[in-house]
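Input sequences plus hints: build the corresponding full structure.
One letter stands for each residue in the lines below.
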Amino acid sequence: GAGVSQSPSNKVTEKGKDVELRCDPISGHTALYWYRQRLGQGLEFLIYFQGNSAPDKSGLPSDRFSAERTGESVSTLTIQRTQQEDSAVYLCASSFIDSPLHFGNGTRLTVT
Amino acid sequence: GIQVEQSPPDLILQEGANSTLRCNFSDSVNNLQWFHQNPWGQLINLFYIPSGTKQNGRLSATTVATERYSLLYISSSQTTDSGVYFCAVRFSGGYNKLIFGAGTRLAVHP
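Note that the protein sequences, when read in sequence, are chains A and B.
Numbering of the first sequence is given in the numbering used here, commencing with residue 232 and proceeding in unit increments.
Numbering of the second sequence is given in the numbering used here, commencing with residue 32 and proceeding in unit increments.
Just to be clear, a hint being listed does not mean it is correct.
Claimed, not checked - Some, not all, of what chain B presents toward chain A, calculated at C-beta under 10 Å:
1) Gln64
2) Leu74
3) Ser113
4) Val115
5) Asn127
6) Phe131
Unchecked claim - Okay, the calculated beta carbon distance ranges per label pair:
7) A:Ser236 x B:Asn49: 34 to 40 Å
8) B:Ile33 x A:Ile328: 18 to 24 Å
9) A:Thr309 x B:Arg89: 38 to 44 Å
10) A:Asp249 x B:Thr51: 32 to 38 Å
11) A:Ser330 x B:Ser106: 36 to 42 Å
12) B:Ala48 x A:Arg253: 23 to 29 Å
13) A:Ser240 x B:Gly47: 41 to 47 Å
Calculated directly from the structure, the hints in this document are not laboratory data.
Each residue gets a CB set at the ideal place from its N, CA and C atoms; glycine is no exception.
Following this line, the structure appears as structure tokens:
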């Protein structure tokens, strides 16, 4: 594909529900990253994948957050029992090793 | 601890003016990128510049890795340059993640 694709682009959910966010990286990119951006803030690292393993999960804010990746392809970020403070834009990026990151357009999550 | 600091936090320009944005980082890096986040939230790659100087049209960037800073130059600014400019670095020493600065919010008025 031409770029990193994320879906859905917008998600509104009720507090307490689970959500799944999807990221399709650029073909051939072995590294995949998830970031969170709250309104008016900078980007906050969540998790890094190399292939389908996650050597750095240090940014996941709680055990309600998890992510997985299938091979060197699609990744899913799951948030269980969503809270209002989870409202943010969730951004995915991919890259070759030691190369620039390319970001998708993000998923805007609103928890009501 | 490891830090990425950007200045100024906010910048207002008249169309046609030039500006310099700065990024200071606290340790040696093996990746440094400048991004522009437009008013619709899209993050656009401007430069991948862990060291040296690059130019792309009205934009140029310089990273002096030994002194731990990078500069982004915008010349003849246009209203479409408005948005937030982020510097992001990957620190050497086994780190994988790109750490973002807080950004410089630029508004260019006609």
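Here is what the structure says about each hint:
A distance limit of 10 Å between C-beta atoms decides the matter here; for B:Gln64 the minimum to chain A is near 6 Å, and the interface restraint holds. For B:Leu74, the interface hint holds, the least distance from its beta-carbon to any beta-carbon of chain A being 4 Å, beneath 10 Å. The beta carbon of B:Ser113 is not positioned within 10 Å of any beta carbon in chain A (closest approach about 15 Å), and the interface hint is therefore violated. Checking B:Val115 against chain A by beta carbon gives a least distance of about 9 Å; that is within 10 Å, so the hint holds.
Annotation: interface hint on B:Asn127 holds; nearest CB of chain A at approximately 5 Å, less than 10 Å. The interface hint given for B:Phe131 holds, since its Cβ lies 4 Å from the closest Cβ of chain A, which is under the 10 Å cut-off. Against the hinted window of 34 to 40 Å, the Cβ-Cβ separation of A:Ser236 and B:Asn49 comes to about 36 Å, which satisfies the hint. A C-beta distance of roughly 20 Å is found between B:Ile33 and A:Ile328, which places it inside the suggested range of 18 to 24 Å.
Checked against the given bound of 38 to 44 Å, the beta carbons of A:Thr309 and B:Arg89, roughly 42 Å apart, stay inside it. Separated by about 46 Å at the C-beta atoms, A:Asp249 and B:Thr51 break the suggested range of 32 to 38 Å. Range check, A:Ser330 to B:Ser106: Cβ separation about 28 Å, and the 36 to 42 Å hint is violated. For B:Ala48 paired with A:Arg253, a C-beta distance near 42 Å fails the hint of 23 to 29 Å.
Between A:Ser240 and B:Gly47 the beta carbon distance is about 35 Å. The supplied range of 41 to 47 Å is therefore violated.
The structure fails hints 3, 10, 11, 12 and 13 (numbered hints given earlier, in ascending order).
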